[in-house]
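Can you build the whole structure from these sequences, using the hints too?
Protein chains: 2
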Amino acid sequence: MIQLFDGAMGTMLQAAGLPNGSAPEQFNLEHPEAVTAIHRRYVESGSAIIETNTFGANPIKLAHYGLADQVEAICQAAVQAARAAGNADTLIAGSVGPTGKLIAPLGDLAFDDAYAAFRRQIAALTAAGVDYILIETIIDIQEMRAALLAAKDVTDKPVICQLTFEADGRTVTGTDPATAAILLDAMGADVIGANCSLGPAQLLPIVKAMAAVTRKPLSIQPNAGMPVLVDGKTVFPMGPEELATWAPKLAAAGASYIGGCCGTTPEHIQAVRAALTAAGHDVVTRRYPTDFPVRDLPTVTALTSRSQTLYLGPAFPPVLIGERINPTGRKALAAEIRDGNWLTVKKEALGQVRAGAQILDVNMGVPGIDQPAAMANAITELSMLVDVPLAIDTTDAASLEAGLKAYPGRALVNSISAEPDRLREFLPLAKKYGAAVLCLPIAPGGVPETAEERAEIAQRIVDAALAIGLRRQDLLLDPLVLTVAADEQAAKETLGTLRLFRQRFGFPTVMGLSNVSFGLPRRNLLNATFCALALDAGLDAPIMNPYDEVLQDAIAAARTLLGHDRQGQAYSVRYSGWQAPAAGTGTAAAAAGTAGVAVAGDDEGADVLQRI
Amino acid sequence: MIQLFDGAMGTMLQAAGLPNGSAPEQFNLEHPEAVTAIHRRYVESGSAIIETNTFGANPIKLAHYGLADQVEAICQAAVQAARAAGNADTLIAGSVGPTGKLIAPLGDLAFDDAYAAFRRQIAALTAAGVDYILIETIIDIQEMRAALLAAKDVTDKPVICQLTFEADGRTVTGTDPATAAILLDAMGADVIGANCSLGPAQLLPIVKAMAAVTRKPLSIQPNAGMPVLVDGKTVFPMGPEELATWAPKLAAAGASYIGGCCGTTPEHIQAVRAALTAAGHDVVTRRYPTDFPVRDLPTVTALTSRSQTLYLGPAFPPVLIGERINPTGRKALAAEIRDGNWLTVKKEALGQVRAGAQILDVNMGVPGIDQPAAMANAITELSMLVDVPLAIDTTDAASLEAGLKAYPGRALVNSISAEPDRLREFLPLAKKYGAAVLCLPIAPGGVPETAEERAEIAQRIVDAALAIGLRRQDLLLDPLVLTVAADEQAAKETLGTLRLFRQRFGFPTVMGLSNVSFGLPRRNLLNATFCALALDAGLDAPIMNPYDEVLQDAIAAARTLLGHDRQGQAYSVRYSGWQAPAAGTGTAAAAAGTAGVAVAGDDEGADVLQRI
Ligand SMILES: [Zn+2]
Ligand SMILES: [Zn+2]
Ligand SMILES: [Zn+2]
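Sequence lines, in order, name chains A and B.
Just so we're aligned, residue 444 is where the first sequence starts under my numbering, counting upward by one.
Just so we're aligned, residue 444 is where the second sequence starts under my numbering, counting upward by one.
Everything labelled a hint here was simulated from the structure, so no lab data went into it.
One or more hints might be untrue.
[Claimed, not checked] Quick list of the computed label-pair ranges, beta carbon to beta carbon: (1) B:Thr893 / A:Val743: 24 to 32 Å; (2) A:Arg947 / B:Asp725: 53 to 61 Å; (3) B:Pro757 / A:Gln946: 38 to 46 Å; (4) B:Gly723 / A:Arg947: 49 to 57 Å; (5) B:Arg797 / A:Arg947: 45 to 53 Å; (6) A:Arg947 / B:Gly949: 19 to 27 Å.
[As the list claims (entries may be wrong)] Straight-line Cα separation of at most 25 Å, SDA-like style, residue types lysine to any residue; simulated pairs: (7) B:Lys935 / A:Tyr754; (8) A:Lys935 / B:Tyr754; (9) A:Lys935 / B:Arg945; (10) B:Lys874 / B:Val743; (11) A:Lys692 / A:Tyr754; (12) A:Lys935 / B:Phe948; (13) A:Lys935 / B:Ala758; (14) B:Lys774 / B:Phe961; (15) B:Lys935 / A:Gln1012; (16) B:Lys935 / A:Gln946; (17) B:Lys935 / A:Arg947; (18) B:Lys935 / A:Gly949; (19) A:Lys935 / B:Gly949; (20) B:Lys935 / A:Gln1010; (21) A:Lys935 / B:Arg1009; (22) A:Lys935 / B:Pro760; (23) A:Lys935 / B:Gln1012; (24) A:Lys935 / B:Lys935; (25) B:Lys935 / A:Ala1013; (26) B:Lys935 / A:Phe759; (27) B:Lys935 / A:Val1016; (28) A:Lys935 / B:Val743; (29) A:Lys935 / B:Lys544; (30) B:Lys935 / A:Pro760.
[Said to hold, decoys possible] Derived, one-sided and incomplete: chain B residues facing chain A with beta-carbon distance under 7 Å: (31) Thr454; (32) Ala722; (33) His724; (34) Leu872; (35) Ile911; (36) Lys935; (37) Ala997; (38) Ala1001; (39) Asp1008; (40) Arg1009.
Idealized CB from N, CA, C, for every residue including glycine.
Below you can see the structure in the form of structure tokens.
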């Protein structure tokens, strides 16, 4: 089943007399009958959903024309013009295009200002009676996030999120389709997709990439081919019949909503409809939620940065979380953070990633500072600097929201205990910003000792999370570890907890290692051995010091031994420079030999991250 | 229920006219009526079992009197003399005392000669119609082993094995009661115990030590107190009533057979009987096997040397098996063994024990040499040098028997596969010599890949072992490991096999580690990490290079993490000399830091032990 959008509006407005240099949206006020006439042609061509002439009707863009105060009037007129063109079944999507500015730090538009602009337009469209909000042609995931957050706040209409990708398969600011789909799905987008910039051939792999990671319906609106310059004019070369040949392919790849963007006309839509029907697709009009079949996908946990996706869980190799961006016990780092100096934070970020960290934990717990501001700044700086996803490590709800808002990806919230205020404040923030949640099985009254007690508390957090609309793939579990110096069964209990968690929940597990050795000498040996045991017991992501070569060695060996290294090839490459010691020299030299990790940081604070 | 033996014979023979310097056993031939008269006094005093006057009736001792050819006649006469004294219920134990010589290498008597002497006497006693064979007053476990092996070969009568302990609780040649009881039980002794040298107070803890490790009935025959010198004469000071007060205590501690040794008389036996009856014990006469209640003990696997017992299994900390006494791939060592030079073998033994090995694997697989002789010599030399139990590592049945015969303890047979000739030849040898068996789940046709296949083959070996009379506590399992360089799931399959073995069999597990890393660089890191994972999965005893400090570190850490180190104290002691590296220097130095293992051997052959 396919729901058919319309095609391009801009060129038809020009043909209908839109003056050069005038805002296309102003035409809604001045010549609504002309707008209606264009819409009608699309309805007659078979479009089930027509898009209002409000692509630039946000106050930032309208300000270029002195029309910033006309947002509501324009939206009202635009919806009326569309409604006048439709029949009883026709659905109207309120078009929401980009502001034309880049959000900071890439540009100078504040995230909150973008949010406010979108919020005003989407509120106006909703008030005017649209059936969908269509956020489209967005080239930056941060701008899409601002628009989607605004939509979720001011409308109960289904929200379609269409990004625009370049020929390299990424948005202008670097986001790939799977990463975008995972993030937008988590943030609550109802339909996800792409439009403009590319023709159907280039959008086909983008549809496939999105279909592989989200069960949400996909919406695809290609241009009429890739633009070519003819006599200094941009021309879209694909005629209706040629474009139409791609429509069944897009549908087969997973698109449930299909329309056209630049260069497409009512004739293109008509041809697309005919081609889809001929290919056996029902082309229908249905209000959202439709009963379109949902793709059958495994439930997989992923985090994203702006530019990449990281999967966690039993089916994937272990993931290293770098713990070193944390001022606890590190006076110099704390002083820098207090002064707004990000030099050491940046060095730690780059160093940890070079040492193999695949997620960076970010903790700004410096007493007496504006922690929300520090977190927002740190997350912003780090999201520019490294491609790995970030974990926001805070016990302060305001800092958590500041960090989540600033982050152009799907972060990990580290962590949410079963304490009532955490459940009440943190879980909705994770849901709102599409973050994943590390559930820490601690309840009021202290740290549970047994695996069974931990599982029971974890169940309470999981239940609370699912109750407010978080999904199973949003949840990760921390098994907790206490030092064996206090209780020699502590590590075994944690290993048992990991096994119980895997059996009972199946969620990815995350744990800081270093607590296990608190109070004992040679901590890195205990931490490393414990890490190997924990990986075998089901730990998916240790939180650790990536500069610890003993730990890195243990992880490399454990990966190879636990079936994550085909024929030991990665291990062989990592240690291929190693030479067997000469006879009689003993084997200790090997332990200090040339490991694969070249970066060594200062060790201040390596042992101090006492998370519990 | 108690079965009552008699008391001393020697002093009563002197009183009856035994000439000074004459063999007491000769009196059976010359004055059988006098011998019968002594026996009769014991029967009348309440003895259920009377002991023949054949304590020194072995050919080695009789040779001192020129009576070596009289063994059969003396035994025949002695049994007749005893039978003539008894009533219808009286049972007769054929007394078998020591040869008076120490077996090589402690003395110059060949093991086989001791065996032959005992065999001749026991055959004679059996032919003469005794009800029990009573091997008594033995001060050396090797002599007891020779006598017991002889008894098992020539008689179907129940065999009572009584050692003699010194005031320090060990035999003259260093065996403690628990170690002796474990070994004699495994070798098939029907009743185990102690007599002579000590009074009842000193024998009480010996009874308790034996009762804690064997379900076999215990037999205790104390002297009448500890001897004192009075006017240059040895006197046993304990009167009948005083000795009798100890009898209920010995019975409560586990003795089912009670009698008297030096200094005891019919009056002592009468008093003992009265005291036992008064304490509520039934003093009865029952042919073996009796229906005496059996002690309820857990089934625990133990190996022993001459002087100590080592327990293995889930309830005990992991045990390290040193792999380095093995000429495979070590040309210099092979040449020494070929030359009968044991210097390197001894150095490896001492070095491995100092490095923490708790069992030494002994392999004499040098092509072209007399391997049984080499094995016998190696085992003999090593049993004198170190106190740890030995594992006999051979695929040659003659070498296995040579090693087992030479070993004054309960060795581990490494190993027995499911190949028919191994089952047929090796299992009976293990049973005969009281050895434990490492079951290697390899069958004709190759190495099974999956845990389930390995468990099925292991089950076949276990069934065959139990069918020939080996006990559950005689069996250990090898889960097998193949290199991850050939199959990246190989190590995981082995870990799964360990878990399946523990669940299905519960036997201790033993495995060589080094195969896992064959063909890869930095093997000790993989071996060490694999060892930690395997210990967690249920490995009880890795076969390994004890000089490998990386491996030792992993084991120390795993012991601490897996609950075998109370509050991490052993770990703290081991690494207390360790210093955290200075800031900025990285942590690699720590890995090569001062570990607890001081010995480093040459590394020739460290990687070559390819056992499969
Ligand atoms: Zn377009
Ligand atoms: Zn005695
Ligand atoms: Zn005696």
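Would you check whether His724 (chain B) satisfies its interface hint, that is, whether its CB is within less than 7 Å of any CB in chain A?
-> Violated, because the Cβ-Cβ distance from His724 (chain B) to chain A comes to roughly 44 Å (cut-off 7 Å).
Query raised in the report: Is the hint on Thr454 (chain B) kept, meaning its closest Cβ partner in chain A is under 7 Å away?
Result: 58 Å, violated
*Against chain A, is Asp1008 (chain B) within 7 Å by beta-carbon distance?*
With a closest approach of 6 Å, the Asp1008 (chain B) hint holds.
When you check the alpha-carbon spacing of Lys935 (chain B) and Ala1013 (chain A), does it fall within 25 Å? 17 Å, holds
Within a Cα-Cα threshold of 25 Å, do Lys935 (chain B) and Tyr754 (chain A) meet the stated pairing?
With Cα atoms ~22 Å apart, Lys935 (chain B) and Tyr754 (chain A) stay inside 25 Å; holds.
**Item:** Hint check, Arg1009 (chain B) versus chain A [nearest Cβ-Cβ separation less than 7 Å]
**Value:** 5 Å, holds
Practice task
Would you mind confirming whether the straight-line C-alpha gap from Lys935 (chain B) to Gln1012 (chain A) stays at or under 25 Å?
Solution key: Holds, at about 17 Å.
Worksheet entry | Proposed proximity, Arg945 (chain B) with Lys935 (chain A) (alpha carbon, max 25 Å) | 17 Å, holds
Need the status of pair Lys935 (chain B), Val1016 (chain A): alpha-carbon distance at most 25 Å?
21 Å, holds
* Sort out whether Gln946 (chain A) lies within 25 Å of Lys935 (chain B), counting only the CA atoms. => 18 Å, holds
Checking one constraint from the list: CA of Lys935 (chain A) to CA of Lys935 (chain B), max 25 Å. Satisfied?
19 Å, holds
For Lys935 (chain A) and Phe948 (chain B), compute the direct alpha-carbon distance and say whether it is at most 25 Å.
22 Å, holds
Checked against the numbered hints given earlier, the structure breaks hints 3, 11, 29, 31, 32, 33, 34, 35 and satisfies all the rest.
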